[in-house]
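Novice: Residue numbers (this note's numbering), protein chains in the order written: chain A, 1 to 376; chain B, 377 to 1268.
Simulated from the structure, these hints should not be mistaken for lab results.
Treat the numbers as computed from the prediction; the structure is a model and nothing was measured.
All C-beta atoms in this analysis are idealised placements derived from N, C-alpha and C, irrespective of residue type, glycine included.
Among the clues, some could well be false.
Now the in silico label distances, taken between C-beta atoms and shown as ranges [unchecked claim]:
id: 1; chain 1: B; residue 1: S1176; chain 2: A; residue 2: G283; range: 44 to 50 Å
id: 2; chain 1: A; residue 1: Q101; chain 2: B; residue 2: E605; range: 16 to 22 Å
id: 3; chain 1: B; residue 1: E1177; chain 2: A; residue 2: E324; range: 39 to 45 Å
id: 4; chain 1: A; residue 1: E23; chain 2: B; residue 2: M630; range: 56 to 62 Å
Partial selection, computed: residues in chain A whose CB lies under 8 Å from chain B [stated by the list, open to error]:
id: 5; residue: G94
id: 6; residue: S134
id: 7; residue: R338
Calculated cross-link-like contacts (lysine to any residue; reagent style SDA-like; alpha-carbon spacing at most 25 Å) [as the list claims (entries may be wrong)]:
id: 8; chain 1: A; residue 1: K21; chain 2: B; residue 2: Q1101
id: 9; chain 1: B; residue 1: K606; chain 2: A; residue 2: S61
id: 10; chain 1: A; residue 1: K21; chain 2: B; residue 2: E585
id: 11; chain 1: A; residue 1: K341; chain 2: B; residue 2: L1123
id: 12; chain 1: B; residue 1: K592; chain 2: A; residue 2: L131
id: 13; chain 1: B; residue 1: K606; chain 2: A; residue 2: E22
id: 14; chain 1: B; residue 1: K977; chain 2: B; residue 2: S717
id: 15; chain 1: A; residue 1: K133; chain 2: B; residue 2: H618
id: 16; chain 1: A; residue 1: K16; chain 2: B; residue 2: E605
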Amino acid sequence: MRIIHSADWQIGKVFKQFGAKEETLRQARLSAIERLGVHARENDVRHVLVAGDVYDSEAPSAHTLRAPIERMKTFGDVHWHLLPGNHDPYRPEGVWDRVAQLGVPENIHLHLSPIPAMLDENAALLPAPLLRKSEFEDITAWMGAAPTPPGALRIGLAHGAVVDFGSGGEASNPIDPTRAAKAHLDYLALGDWHRTLQVGAKTWYAGTPEPDRTGGQEQGTALLVDIAGPGAPPSITRLATGTYRWVTRPERIDNEEASADLDRRLREEPDLSRLVLRLKLEGSLPLAAYGAFRRRMIDLDAAVFDLDLDEASLVARPTQADLEAIDFDGVLRRSADRLKKFVDDSSAAPDLRRRAEEALVELYLRVAGAVREEAA
Amino acid sequence: MLINALSVEGIGRFAGVARVDGFGAGVNVLAAGNEVGKSTLFKAIRACLFLRHDSKTQELRDLGSDDSQLPATVELDFDHDGRRYVIRKSFLRSPSAVLSEDGREIARAGEADKAIWDILGMAPGSGRSIEDGAFGLLWVGQGASFSAPVPGSSASSLLNSAIESEVGALVGGERARLAIDEITGEIRRNLTDSERGPRSDGPLARARERLEVWRKAEADGFAKVGALEKQFSELAQYRRRHRELTDPAAAAHMTRELMEARNKLREAQAARQEIRSLEAETSSARRALEGAAQRLRQLRETAQRVDRNRSLEADLNGALPGLLLQEEEARASLARTVEASAATESEAKELTVGEQHLGRLVAAAFRASRKDELIRRLDALERTTGSLTTIDAQLTQVRIDPETVDRLDDLDRQLASLDAQLSAAAATVAIEVGPAGAGRVRVGSLDVDGNYAAAVLAPTKITIGDLATITVTPALHPRHEARKRLDVERSALLAASGVGDAVEAHAILTRRRDLEHSRRGVFAELKGLEASDDPAKAGAAVRSELAEVRAAIDAVLTATGRAALPGQAEIDSERLGHEQRRVMLEARREKLAAARQEHQKAVEAAVVRRADVSTRLEFVRKSIAEDLVLCPDDDRAARDAALVAEVAACEATQQTKAATLVAVRQAAPDSAEIERRELRCSRLERALENHNAELMSLERDIGRLTGQIQAAGGDGVGEAYAAAQEQRQIAERECARIEERIATLQLLRDTVGDCLAEGRDRYYEPVRRHLRPYLNDLFPGAELELGDGFIIAGMKRARSESFKRLSGGTQEQIAVLVRLAMGTLLAERGGNVPIILDDALVYCDDERINMMFDALSRAARHQQLIVLTCRSRSFAPLGGNTLRVRTSDELP
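Whenever a hint applies, use it, and build me the whole structure from the sequences.
Specialist: Structure, rendered in structure tokens:
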């Protein structure tokens, strides 16, 4: 038996912080479905299991509602098994009833109740749909007593957080990590965790096919699952499905060389134009280097799909040369000295120190930076 | 620079040559009255030094004399940097310029213009550069002393040069100001000028507006999502309840329970109906039994009554004859008594007639006594009536009345009075008749004998026989007319009264009064007869009454058959006889009435007894006949037997029904049970109705919620809410970013500004140091606060005061002191420029002006000071060189 395990499509998710690029990211999530279809055909897979959160909202717009259905329709030879998750729980007249009212084709299966469904004569799917956003009981508990034909594979499909799995899950919705063993499952396909993760020998989180946040998985993936037969351990192959890579880089730069090196390394990243990059910077830079770093970042922002700079831990440390670049003496130099003294005052409030630092950089850029740029 | 002399020609009021001399180092005072031309001379110096000789400016045209045909010429003699210069310029007409140095001409025309500027260190140009430079700072024209000095760029450069030579340059000051201006500009794009709020069209205001818009959108989305969530929750509850309500097992159970309850209720109701039916039948059977028994009792009672009545009938038949006999006897006794009573009554009637006759006779006798009185009364009436008629006839003949008599008396009195008056006034006729004339002389109708004397009141004829007739006519007098009128009136009154004179009138009046007295006596008599009103009528009435009396007596006599009325004794005798007879008859009548009453009662009692027996006999016979109809003697036994049998049958039926009723009652549910079953049925029916109503309500609610949820879903509220949340976060970050940027810029600007101010304080210290002695002359301990460009911002004494808030006089004094200090500063650094004050210190009081003189004297130690004033006496204490203006007439 060969299936593709996917989850957390979250179609309709908004990306307003990306401004005009938002629609591109929304389309990328739909493209991931097509990529799943292609993978299915290429790997001779008839069933794609989606372990919850197909939609990002219980009340998506009519266009958002139809968009994934239309993508799946184009792969009529592939059976798509959709499961309500905590973002789109099944509730009467909710998003799934709206989908049903659209008139879904035969290759799209909505598993809206915990009832076993036969994938074929040798495999049974045990879906555990969420009927509300937050369940306090393990919704997979019923799987242990669920009857399936003798000799048939038992494949569980659920959305939730594995108990004691940590704080990464989005909702309580606890799932016993030993559910696969307890319910004699040959594979338990889970969703909710936006990162591909193996929980047990037969229990996996597929991750999202298109990342939607930094700090999660960088590349959108799905799992190609091969199960030789009842009781056999599944064979897992990761499939790339995402368009954009969401990368978070913690970096430390303390001088011009480090700044230049960072710039060089980042530019060596593949597919820069599809990189959603978040830089968490720390360190301290001379003002001159800081000015140069800013210019590099402006250039890099134009090179990548999106650049998010977190400079909270990056400090501008003016050197003697920086201060002399402002002036050797006189009003502006005294102003710079005063601001520097404020920045260096550890007893001052961090916000005010940060503001003084910004003011110092501003002074530098206005007085010395402009001169240097002109000179350059 | 030290000015030595000034000459002008064709300048202002100086059409001819005028020279000012007496200049020296230190203080120079030109004190002259108004319109002497002090300010003109001041302008002439400025023009000579700073204007091109061929200039045609309005300033120059104003400077030229109106009536001068000569060019406007100014010649200035001055020392500078150890050399003596004389510059002479002619303007407007035949312009020229000549500059000599130490007595040697060194330049002419335009070269001379430029040369003098070079010597004085001024940039070539117009008057504007003069104002910008030290001369503009230190040469204070008329009215300009009130303004605080604001050094132009050139003057500032000079001052800066002077300061920097002492304290060094203020490094970066200009860059700092530029940076502050730029930063302030960026801040002002976001904030208002006061920086208290965002500028309405600035980025911060727009960002905040966007944030507000998205906050509202987020709140709206949140509300919608919340509402949707609530709707989902409600819908789930409704659907769960709907499932419960539509559960077939529950519905069947409810229906079955209701059917069972209804069946049990119907059974109970049927049992109750059967009991009621049985109760009715039992009651009917009981009534039938009672009817049969009743009829049996009645039959037997009828038979007994027939037997009893037959016995009674026999008794009554036996008693009836005796009763009839008693009745006849009683009736006979009664008839006898009636006859005796009738005889007594007849006798009583006769007695009554006799009594009546006697009564009429008594009345007639009484009326007969009245007849005599009537006759006397009639006689008196006829006599008095006759007297009255006679008196009235006599009175009608008397026409005079008392008023007429009184009037006649009055007229006589008036006539006598008039006659007396006329006599007194009239002539008197006196005749003495001689014997021969005796009898022949007549006065009027009066024969005169002897002596005659009379007043002539009217024409009087005196006839003397036939000898003569003499008429004596008195003269007319008004009293004659009056007398005549009175006489006429009197005659008319006498004629009307039918008398000849007043005496007769009085006699007639006396008679009239006698007749009236008699008449009143007759009336008094008639009044006594009660006939004063109408004696004739009273007489007629008496005569009528008299006739009636007579007729009545005649009628009584006729009725009683008597010839004459009896006397009183006869009447009394007859009356006594009648009374005795009446007593006897009354006694007999009472006795007969008692007997008659007794007999009547006996008859009535006999009749009652006989009638009672007859009635009872008739009733008994009727009763027997009726009872025999109901119970014939020959059918009595058969009927009795049949009724006895019927009673027995009814009794049996009634007992059967009662037993059945008891049995059914014991088996049927009691009323409490029936009521319980009814309540149960009602409850279950109501529960079913509620169930159906709730189901309908639920379906309506489900339909409504479904519509709402579908509508919300179609609107994509979840997606819209998420978008609004992110937009709000972005807007918040943008606001925070701008605000932080503004705060950073403000910090930077304030820091640079503070540093600039500190540097400026140090930089301006030389100015303040030079100013301090001057200030101390007037304001001990005071410090001036200088702003950018050497502007006087304020003065600090006990506290800081804004320059603009100081009095006008103090402002002028400070302004002059600042110029003096700046002049000193420049002079010490080689920029020795004379200070010229034209009509300054106008508002100084006596104390202050002396202090200002001290300050001026202090300044004059470093440079030449020229004071132009119109207040000679006030400025006398200033001392110094006295300048004089000498015109061509005064010049040698």
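Novice: None of the hints should be skipped; say for each whether it holds.
Specialist: Structure-based check of all given hints:
1. Take B:S1176 and A:G283: their Cβ atoms lie about 48 Å apart, and the range 44 to 50 Å holds.
2. For the pair A:Q101 and B:E605, the supplied restraint of 16 to 22 Å holds, since their beta-carbon distance comes to about 21 Å.
3. Hint check: B:E1177 to A:E324, Cβ distance near 42 Å, so the stated range 39 to 45 Å holds.
4. Taking 56 to 62 Å as the suggested C-beta distance range, the pair A:E23 and B:M630 conforms, at roughly 57 Å.
5. With 8 Å as the threshold, the beta carbon of A:G94 comes within range of chain B, its nearest partner Cβ sitting at about 6 Å, so the hint holds.
6. The beta carbon of A:S134 comes no nearer than 12 Å to any beta carbon in chain B, farther than 8 Å, and the hint placing it at the interface is violated.
7. With 8 Å as the threshold, the beta carbon of A:R338 comes within range of chain B, its nearest partner Cβ sitting at about 5 Å, so the hint holds.
8. Distance restraint check for A:K21 and B:Q1101: the Cα-Cα separation of roughly 17 Å lies within the 25 Å cut-off, and the hinted pair is therefore satisfied.
9. For the given pair, B:K606 sits about 19 Å from A:S61 by alpha-carbon distance, which is consistent with the 25 Å threshold.
10. For the given pair, A:K21 sits about 23 Å from B:E585 by alpha-carbon distance, which is consistent with the 25 Å threshold.
11. Among the hinted pairs, A:K341 with B:L1123 is consistent with the structure: their alpha-carbon atoms are about 14 Å apart, no more than 25 Å.
12. The hinted pair formed by B:K592 and A:L131 fails the criterion: a straight-line CA distance of about 31 Å is larger than 25 Å.
13. Between the alpha carbons of B:K606 and A:E22 the distance comes to roughly 30 Å, so the proposed pair goes past 25 Å and is violated.
14. For the proposed pair B:K977 and B:S717, the alpha carbon gap of about 17 Å is at most 25 Å, so the pair holds.
15. Our distance criterion of 25 Å between C-alpha atoms is met by A:K133 and B:H618, whose separation comes to about 23 Å.
16. Under the criterion of a C-alpha separation no larger than 25 Å, the hint pairing A:K16 with B:E605 is consistent with the structure, at around 24 Å.
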